Structures are given as C-alpha cells and as structure tokens.
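S.K.: Listed below are the residues making up each chain.
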Amino acid sequence: MKKEDFVIVAEKINKIYGKKDTKVQALKDVNISIKRGDYITIIGPSGSGKSTFMNIIGCLDKPTSGRLYIDNKDVSSLNDNKLAKIRLEKIGFVFQKYNLIPTLSALENVSLSMSFAGVSAAKRVERAEKLLEKVDLSHRLSHKPSEMSGGEQQRVAIARALSNNPSIILADEPTGNVDSKSGRRIMDILEEINTQGETVIVVTHDPNIAKRGKWTVRIHDGVVSSYANR
Amino acid sequence: MLIDNIKLAFKNIKERKSRVFLTLIGIAIGIMSIVALMSIGQGMQSAVEGELSSLTDTIIVTTGNVDASPVGGGFTGGGYGNFFTERDIDDIKRINGLKSVDPIMFAPSYVEFNGDVEVITLLGMNAESMSNVFGIDFLGLESGEFMNTGDQNKCIVGNSVAHKYFDTEIIVGNNIKINNKKFYVNGIYRKQGAGFSTQTDEYVHLTIRDFKEVTGRDNISGILVRVSDVGNAEAIADEIEFAINENHGDSDFANAITMTSILESIQSVLSVISVFLLGIAAIALVVASIGIMNTMLTSVIERTHEIGIMKAIGAKSTDVMSIFLTEGIMISLFGGIVGTILGIIAGILFGMASSNFGGAGIPIEPVISIVTIIISIGVALFVGIISSLYPARKASKMSPIEAVRYE
Numbered sequence: 001m002k003k004e005d006f007v008i009v010a011e012k013i014n015k016i017y018g019k020k021d022t023k024v025q026a027l028k029d030v031n032i033s034i035k036r037g038d039y040i041t042i043i044g045p046s047g048s049g050k051s052t053f054m055n056i057i058g059c060l061d062k063p064t065s066g067r068l069y070i071d072n073k074d075v076s077s078l079n080d081n082k083l084a085k086i087r088l089e090k091i092g093f094v095f096q097k098y099n100l101i102p103t104l105s106a107l108e109n110v111s112l113s114m115s116f117a118g119v120s121a122a123k124r125v126e127r128a129e130k131l132l133e134k135v136d137l138s139h140r141l142s143h144k145p146s147e148m149s150g151g152e153q154q155r156v157a158i159a160r161a162l163s164n165n166p167s168i169i170l171a172d173e174p175t176g177n178v179d180s181k182s183g184r185r186i187m188d189i190l191e192e193i194n195t196q197g198e199t200v201i202v203v204t205h206d207p208n209i210a211k212r213g214k215w216t217v218r219i220h221d222g223v224v225s226s227y228a229n230r
Numbered sequence: 001m002l003i004d005n006i007k008l009a010f011k012n013i014k015e016r017k018s019r020v021f022l023t024l025i026g027i028a029i030g031i032m033s034i035v036a037l038m039s040i041g042q043g044m045q046s047a048v049e050g051e052l053s054s055l056t057d058t059i060i061v062t063t064g065n066v067d068a069s070p071v072g073g074g075f076t077g078g079g080y081g082n083f084f085t086e087r088d089i090d091d092i093k094r095i096n097g098l099k100s101v102d103p104i105m106f107a108p109s110y111v112e113f114n115g116d117v118e119v120i121t122l123l124g125m126n127a128e129s130m131s132n133v134f135g136i137d138f139l140g141l142e143s144g145e146f147m148n149t150g151d152q153n154k155c156i157v158g159n160s161v162a163h164k165y166f167d168t169e170i171i172v173g174n175n176i177k178i179n180n181k182k183f184y185v186n187g188i189y190r191k192q193g194a195g196f197s198t199q200t201d202e203y204v205h206l207t208i209r210d211f212k213e214v215t216g217r218d219n220i221s222g223i224l225v226r227v228s229d230v231g232n233a234e235a236i237a238d239e240i241e242f243a244i245n246e247n248h249g250d251s252d253f254a255n256a257i258t259m260t261s262i263l264e265s266i267q268s269v270l271s272v273i274s275v276f277l278l279g280i281a282a283i284a285l286v287v288a289s290i291g292i293m294n295t296m297l298t299s300v301i302e303r304t305h306e307i308g309i310m311k312a313i314g315a316k317s318t319d320v321m322s323i324f325l326t327e328g329i330m331i332s333l334f335g336g337i338v339g340t341i342l343g344i345i346a347g348i349l350f351g352m353a354s355s356n357f358g359g360a361g362i363p364i365e366p367v368i369s370i371v372t373i374i375i376s377i378g379v380a381l382f383v384g385i386i387s388s389l390y391p392a393r394k395a396s397k398m399s400p401i402e403a404v405r406y407e
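For the protein sequence lines, the chains are H and Y, in the order given.
Those letters in the first sequence? Residues 1 to 230, per my numbering, in order.
Those letters in the second sequence? Residues 1 to 407, per my numbering, in order.
Hint data in this document are derived by calculation from the structure and do not stem from the laboratory.
Don't take each hint at face value.
[Stated by the list, open to error] Below, simulated BS3-like cross-link-like pairs (lysine-lysine); rule was C-alpha separation at most 25 Å, straight line: (1) H:Lys82 with Y:Lys397; (2) Y:Lys394 with H:Lys82; (3) H:Lys144 with Y:Lys7; (4) Y:Lys11 with H:Lys144; (5) H:Lys35 with H:Lys73; (6) Y:Lys14 with H:Lys144; (7) Y:Lys14 with H:Lys19; (8) H:Lys73 with Y:Lys316.
Bear in mind the structure is a predicted one, so any value in this text is a computation, not a measurement.
Just chain Y, same shape as in the assembly (with noise of 0.2 Å):
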C-alpha cells in the first residue's frame, strides 16, 4: 500500500512540476539553514574544542594593564611597565598541583640580517611551552621546527619578519644577529594577519635563557601555568591571582586565565549564534509548512472528483488521507533532500571564505555528519507530515456523492 501511495504521489507530483517546486524552495531553504547551520556550529565547536583543548591545562597570568586575549599567548604590547617579580614565581611555584611555571618575557632589540639593521621585540619562553601555546594547529610553522629544550642560540621568526622587514627573506636555517650576538632560524611563523593578537608576526622567538643573554633583562612580563588535573585550574587561577595580587598590593595587579574558561565562553558565545540562527530555520520552515498546507489544500480541492471516485469504488477515509499525507511527505522530503544538499555545499563555501579571511578567525572545517542529515531528514518529515496533516484529513471527510458529482 504504501509502495502504491509513493507512486500514486509521484504521479500527482509530476502533474504539477512547478507548483511543487515552489512549494519545495521554501522547505529547502530552511533545511537548508539547518544543514549549514549545523555543519559549521559543529566545525566551529571541532576547531575550538580540538585546537585548543590541548591548551586546557594552561593558565596565563599577566598584569592587569595588559591586554589579555583568548588565543596565542594572549598578551599584546611588551609588558612595559607593570612586571611580575621572581618572588611572584616562586609563590606561585609553593601551589600545590602545578605541572610547570614558565615566565614569558618581551624586549626590543636590534636584529640584523644580510647587513639591514631593524628593531624588533623577542618574546622569550621556555622552548616546550613555546611549542605548547604557538604549535597549536592553526598558529603553528609555515617551515622548519620548534625548539627543544636545552637548544641554544636559535629562534623562531614572525611571518613579517621573515618575509617584510628585510630586503632579503629569511628561510630556515639562515642565521641572523640579535644584538650582534649570531642565531640559528629554526623556524618561521605562519602568516596570523589581523583579528589575532598573537605574538607571532612581528616577533621572534628565543628561550628564556638566550633572552637574559641577549638583551640583559629579566622583566616577566607574563607566567604560563600548566596544571595536573584540568579540573583545578579555575581554582589555581584564583589561588594564584591571590597571591601575587598580596605581593605588590593591589588587588587589580594580576589576571590569570584558564584556558577553560576561554573555551567556555567562546562556547557560550557560539551557542547564542546557533540559537539566533536556528530562530531563522525555524520562521523559514514554519513558512515553508505553511506553503506545503497550501499546496496540499489547493491539490486536495482540485481532486476532489478524483477523491470521490475512489471513495466510490471503495477507498477507505484512511486510504484516501494517507494518499495525502504520503504526497505532502514526499513533497516535504524533497525538499529535504534539496535543502541537505544545499546546506551542506553552502557549509563547505562557508569553510573556504573562513579559510580565505586570511586568519581572520579560527578556520572552520564544516563537519556534515550522518546525525546532521539524519535531523535534517527528520525536520523535512515532520513538517511534511504536520503541514498535510490537515489537508489529507479534509479529502478524507469528504462525501462520496458530492465530490463524485464535482466537477
């Protein structure tokens, strides 16, 4: 019977090709927004979630002047000013649970390649962490590698300084000087651009013990904390703003992040985009269902001699209501399909533009899984079965004699 119903409805369907591939445009686009929707919120939640969850164990403390942003080390400018003190260290060292304390530290300094002179400001950190904060995928080398602790008189050079500041560009492997004094370019930064305040670009990276060499300073301008256990880093945090805020006496001093927190509010902040865009799904298939109950009535009223025809050689209400139902259904399927398809080619050019923005934000990979289709399916079906619902029970109630006679 059912089999009988698909075909029946096929039929009907191609009866009135236009007619119902209006009706299908709305349907199709807000599964559409679903498909797309969900395949980019889930993109967005792998990227986050796989970029940065190795990050989890990580607190950033820096002093409250200093800006402090989610992504890459999070501090901007050098920390002038404001600095933290080796006995801020080794208070923070004395908390129980913590895996390492690094000092981040920033000065200027003259570096010279091929005989051109610029200033350019080191960042110096301890070599694992470095790789720790900066390798994460989509900061990460363009060439070369990063350094191993215990590696002395190399660095690692921003995506400008490799290929801007110079006349020549500098490859790994060249050597540069810093200070007068020679190092070895392990590696070179990807391009990060704007909308990343990372400490990348315009840098270069050494140990912490090439930095005191070379620049003759030891001003901590920030301390990166990994914890043992992830599920104690917001109290660390609070626990280690306490202490240093005591030590210089200003409550306001120090701002430690977890980097869980990050990722929770970057979550939140997804989940309110997801919210407000399935608000647009949900007014277009609402719109969409309201466009199938009007095809379905307007179908239901022209066949009305048909209805009763078979009303009279012996359908049953049921029989003539599932025919119905079947053909909104696949209307609604179709459209479904359409709208799948769509929204998972308007996921993958999402994708690409994010990708293009130049490091604009965290690139998106839009993840379309069989739960996302098997959803979207789903939403096609339901809103076929509810905006026929209706309709397919009219030509149900209709009186054989009547509609027989209709003409």
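Just chain H, same shape as in the assembly (with noise of 0.2 Å):
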C-alpha cells in the first residue's frame, strides 16, 4: 500500500508528562497507519492514554518524540499556530459534550470554523444550511444550543466537524452525553459519513459502538493493539 493512501501515520509516538519524579508515560512507542476512508474506534478505559493519543492525533497536543504524519504532512514539530492550521483544515472535531459557542446559533456555530478559514459569508451560510440540512437541522437553524435538545446540539456539532471538509472526522465519545436513540441516530450519522468516503475515528469505551468501526484500537496503559472487526 503507498504511503498516500494513509491519513494518519503515527511512528514511535510517544508521550510523556511531568519531569523527573512525577514523570507519566502517558504513550509508549505508539506506531499506526490509518487508512482514507477508514472507519476506526478507538477503546480503552480511563487513563488508559486513549485521550492523549485523541490530542495528539487532533494536533491539539505534540507528541514528546517520534513523528506524526496527517494527509503525509509531519506535523510532529509544527507551531501552536500551524497546527491551528492543520486543525482547521484537516480535522473536525466532534466533543462529548457537543462543545458549540452558546450565544451563536446553529448556522452561526457551523460557519464559524468557515469564518477561521476565510470563506466568505455568503458561501459559509450556504455550506453551512447544507450540511444542518444533511444532519436533519434545517429547521433548527437560528436556535441557539439551550434552545435544542442534546442529540440535536450534537448532530449541530457534526455539522461544524464537516464544515471546512476535513481529512479526518475525530469523535470523541460522541454518544456520552444523549439518551439511546439519539445515540443510535448520531452513529448512523458518522457512518453514513464515513460511506461517502470520509475518515471517521470515534473515541469510546463502550464495546458495542467499538464493534462498529471497521477496526478498533486499543489502548492499555499507553500501549496501542488494534484489531479488525469485519
């Protein structure tokens, strides 16, 4: 398989917080290829490292050695500010807890990572009506998050994810915070991303949404196992 073919490439990552005494090795040698189009979870309990190697591979966090490459771009040694870039450009983050600014509303939220990336307010507002259109919202629009129930704040968040056409959809625990059915309605959402060829990874630490993805990583004490689920 060519190296273009994957979107994430983690060599020898490793992560370590503290100094001295209080060192934690919150990664150990993590090596993953990740490819286009995959859809992949990622499980483990807390503290297993699972939220550190979610940062790192978010580029909200850099690794303490070893390279990461997104879209075969090392990102490993960026600045605050370039990886504010790739975050931007490359990535679209889905929160537990939907995680959207509370004074804007529903087309508001999802233009605003479009306003970062300089697109101009009449495209933003039509990209932005198009993909609530797609996640059932197009009568949500000007309501603002404490106007909308969970599940419906967090089908907004997709939304926002896929604003700026992300290389990768990083969710995490996606499902944490609404009921069942909502839960359900958000993983066929994901998923019917992922068949229209967008990279999908969902964070969880409940096995039954792991099962879904096409692998699952796990995470054990900073060590990284995966496994192919079909």
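Fit chain to chain and form the complex, with the hints in mind.
M.R.: This is how it looks when you write it as structure tokens:
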C-alpha cells in the first residue's frame, strides 16, 4: 500500500507528562497507520492514554518524541499556529459535550470555523445550511444551543466538524451525553459520512460502539493494539 | 473577518449588557470631559479672538494710578487725579506708525430727562473710536446706532441710565438735557452687569467736541492709540510710556496696554484651565481603561471554554486575539460615542449658563468641530486597544486542551 493512502501515520510516538520523579508516560512507542476512508474506533478505560492519543492525532497536543504524519505532512514539530491550521483544514472535532458556542445559533456555529478559514459570508451560509440539512436540522438553523436537545446539539457539532471538508472526523465519546435513541442516530450519521468517503475515528469506552468500526484500536497503559472487526 | 468579529462582539456585549454598561460609563465620562473641554475651549478662544481681535491694533494709555482692565475701554473712575496733557498727545503723535491718537475724557454732569435731574459721568471720545472699542459684539448697543464722525449733539446712554435712573425710561430718539444742552439719544448700550469694568452702564457717551462744549473741561484721562502694524504694537506701547513718563518726570506715570498682550494673557489663562481639565480627562480615561481591562479579563476567564472550542476547531491565536480586541474596542467606542454626545450637551449647557450669568464673562458659544469628534473617538479607540490588548493576548495564549476542559 502506498504512503499517500494513509491519512494518519504515527511512528514511535511517546508522550511523557511531568519531569523526573513525577514523570508519567501516557503513550509508549505507538505505531499506527490509518487509511483514508477508514472507520476506526478507539477503546480503552479511563487513564489508559486514550485522551492523550486523541489529542495528539487531533493536533491539539504534540508528542514528546516520534513522528506523526497527517495527510503525509509531518506535524510533530509544528508551532501552535501551524497546528491550528492543520486542525482547521484537516480535522473535524466532535466532542462528548457538543462544545457549541452558546451565544451563536446553529447556523453561526457551523459557519464559525469556516470564518476562521476565510470563507466568504455568503458561501458560509450556503454551506452551513446544506450541512445542517444533511443532519436533519433545517428547522433549527437560528436556534441557539440552549434551545436544542442534546442529540440536536451533537448533530450541529457534526455539521460543524464537516464544514471545512476535513480529512478526518475525530469524535470523542460522541454519544456519551445523549439518550440511546439519539446516540444511535448520531452513530448512523457518522457511518453515513464514512460511506461517503470520510475517514471517521470514534473514541469510546462502550464495546458495542467500538464493534461498529472496521477496526478497533485498543489502548491500555499507553500501549496500542488493534484488531479488525469485520 | 472584521465584520464577523464585530457581529460576534455585538452578541457577546448583548449577553452582558449591564456589565458593559457600567464599564461604558467610565469611558463616557472621560470622553465627555474631553469633548466638553474642547468645545468650550474653542468657544472661548473664538469668543476672545473674534471679539477682541478687531482691537489688536489698539493701545490703551492710562495714568498709572488708574485701574486698567482688558475689555471695553479699560479705565474706571473718572480719572480725577493725574491727567495727560496736550504735550503728551503731541509727543505720541510724533511716534511713527500710528493710525490715530484719541484722547478720552471723563467729567460729571447734570442730566435732565422728563423733568428729573441726575448726576451722571460723561465720557468723551472720538466717534469712530467709540464704535470700535464699545461696538464689539458682546458690548454693543441694545438699540440705535453709534455716532458718525462729525455728528453733533448726539449721545449714547448706558443701560442703567436709560432704564433705571429716571422715572420714565429713555428710548432711542428721545432728547435729554446735559448741563442744560439738548442731546439726541442716538443709541442705548446693552447691559453689561457686574464683572465688567466698562464705562457703559452708568455713563453717557459723547463725542470729544460735544464733551468739551458741555463740560468746559479738557482733562485727558486716557488716550486711545491705534497702530498701522499690529506687529509693532508692543514696541510702540513702550515708546509711548517712555515719552509720557519723561514729560511728567515719573517712571510710573503712564500705563500703555496693547490688546495683543491682553489677548496673550487671556489665552495663557485659558491654556492653564485647559491643561487642568485635560488632566481630569486623562485621569478619567486611565480609570476607564482599567475598567475595560477588568471587564475584558473577566470576559476572557468566563469564556475560557469558548476560547478552547474556537482554538480546537482551528482558530489561530491571532483569530482569538482579534475577537477579544474587537470586543474591547467596541465597548470603548460605544463609550466614546455616548461620551461625545454627552460632551456636546454639556458644552451647550455651559454656553447657555455662561450667557445667563448676565454678562459676568464673555458669553461662550461652544464650538463642536469635526476635529473634536475625531479626536474624542480616536482617544476612545486608543483606550480600547490599550486596555484590551492584555486580556486578548491572555485569551490567545490559552492551551486548547485545558481551555476546552474548563467548565
């Protein structure tokens, strides 16, 4: 398989927090390659290094050592502003607690990251409307987060994640804060997005959700192992 | 991006209306004082310059023991004591660069109107000089007009003389008797009131020729000299003093005051007042700036989670920074606009109050210029930038991971 086919390549990634006596090694020599268009679930108990791993592949944090390639670009030693650009262009985050901006409407929340990317106002609105339609929220365009249910807010967050055409959708416990019906709906949407060619990574502690991925990555004490589900 | 930031700032300001309003008051007070100060200052300046600059070619010569006052002729009392002589006049006339030299005389007289008789001081002066010195805007006539050179048996009466001295009020066109000679009332002065040492309210003004005729006196209490070149006024004033002092053998006999020097002293007083008021404005603005900084810091801390979200979804440090800068600047600009409006109102109120004092000073017409508005808004902008720079920077430096976790 050619290198261009991988959207994420991690080589011997280590993450160490603290210094000397208080040193904690959150990740140990992690090697992983994720194909474009793949559907990966990451599972592990809390304190396993799962969050650290997610932060690093989401370019929110930098590895202590090792190399990380996103779309064949070495991002392991980029400065904060360049990492922000990678997050903006390559990664679409979906958080457990939705993390929408409370003062902005659904439409404005989806437009916000496009405004950071310098997309014109007219195009932003057009695209945000299309994305919200895709997650069945055409009737909620001008609603604020506080006026929507958890499931609806999470769907807005998915629309936002898609807004800048990212290479990866990175969802951290996307169903953790919603009821099971809404949770199934959200997982269906993520899977639909994956079938349209998007790389989807879902972090979870729920084995039933983990099973839905084509691959599952298990993290335990900072060590990564992976297996195929189908 | 800027428009987006402004929209975003609007939303956030709306969320915290009362806090923003309180912050706004500080900056509004600061800007209000600047605007009021500048408009009143410019008003004073233009009042002083506009009214008095027509007199800048004038030198007033008084004897040393007579009080000299800047506006409106500048001598009190009748000048009973030291007088100038014809020789003084001749000596002054010999100085080069003069347009005119006019004596001013005072004498008490009996004025009769409608059967009543009152003792009133007369002022004698060349007709043209009279309209120059007393005709300036805030002195001026209430009715009628000044005399022309060559007019005879005409007079101008002071406001109190016309309205208070006699049982019947004098109006323009009446005839009064001065020392038993009939005079036509050609004009009535406006009320000057207290605070002005002018010779109008309680006086009757005549031309020099009529004055000499009805009083039989020719004691010169003051001399009005006009120069051709304003630039030489100071030097000529010195020359006049020297010449007259020599005539009388007294180094303090004469006092020659130029209008330019009077203007300069008024202006220096104005500038001291302005500096003082500007100091107050500066203190208000410093306090306001701390207020904005405080509000913005609170806002940054409250919105830590939001900042984390924005950074996580790809906002650069500069994006976050400009969002908070815009918000701080907008609060400051709102304050600036409110302050400007209040300042204009304060200036207008001050102007109204100053003219209601009944002539206790020069009436001030506040001048609200574009420059004043640009400066005040500019200051508000500057204060906004300075005071939100630190909070905005603090926001932009936040780590996205920690900020997102912050609840």
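S.K.: When you check the alpha-carbon spacing of Lys14 (chain Y) and Lys144 (chain H), does it fall within 25 Å?
M.R.: 14 Å, holds
S.K.: Would the hint linking Lys35 (chain H) and Lys73 (chain H) be met if the CA-CA limit is 25 Å?
M.R.: Status holds; Cα separation ~15 Å.
S.K.: Does Lys11 (chain Y) pair with Lys144 (chain H) here, judged by a C-alpha cut-off of 25 Å?
M.R.: Roughly 12 Å separates the two Cα atoms, so the pair holds.
S.K.: Please verify whether Lys73 (chain H) and Lys316 (chain Y) have alpha carbons no more than 25 Å apart.
M.R.: 19 Å, holds
S.K.: Given the hinted pair Lys144 (chain H) and Lys7 (chain Y), is their alpha-carbon gap at most 25 Å?
M.R.: Between Lys144 (chain H) and Lys7 (chain Y) the Cα gap is close to 15 Å, so the pair holds against 25 Å.
S.K.: Are the Cα positions of Lys394 (chain Y) and Lys82 (chain H) separated by 25 Å at most?
M.R.: Roughly 19 Å between the alpha carbons, so the hint for Lys394 (chain Y) and Lys82 (chain H) holds.
S.K.: Holds or violated: Lys14 (chain Y) with Lys19 (chain H), Cα cutoff 25 Å?
M.R.: Judged against 25 Å, a Cα distance of about 45 Å means the pair is violated.
S.K.: Is the hinted pair Lys82 (chain H) and Lys397 (chain Y) satisfied, with a Cα-Cα distance of at most 25 Å?
M.R.: Within the cut-off at roughly 14 Å; holds.
Checked against the numbered hints listed earlier, the structure breaks hint 7 alone; every other hint is satisfied.
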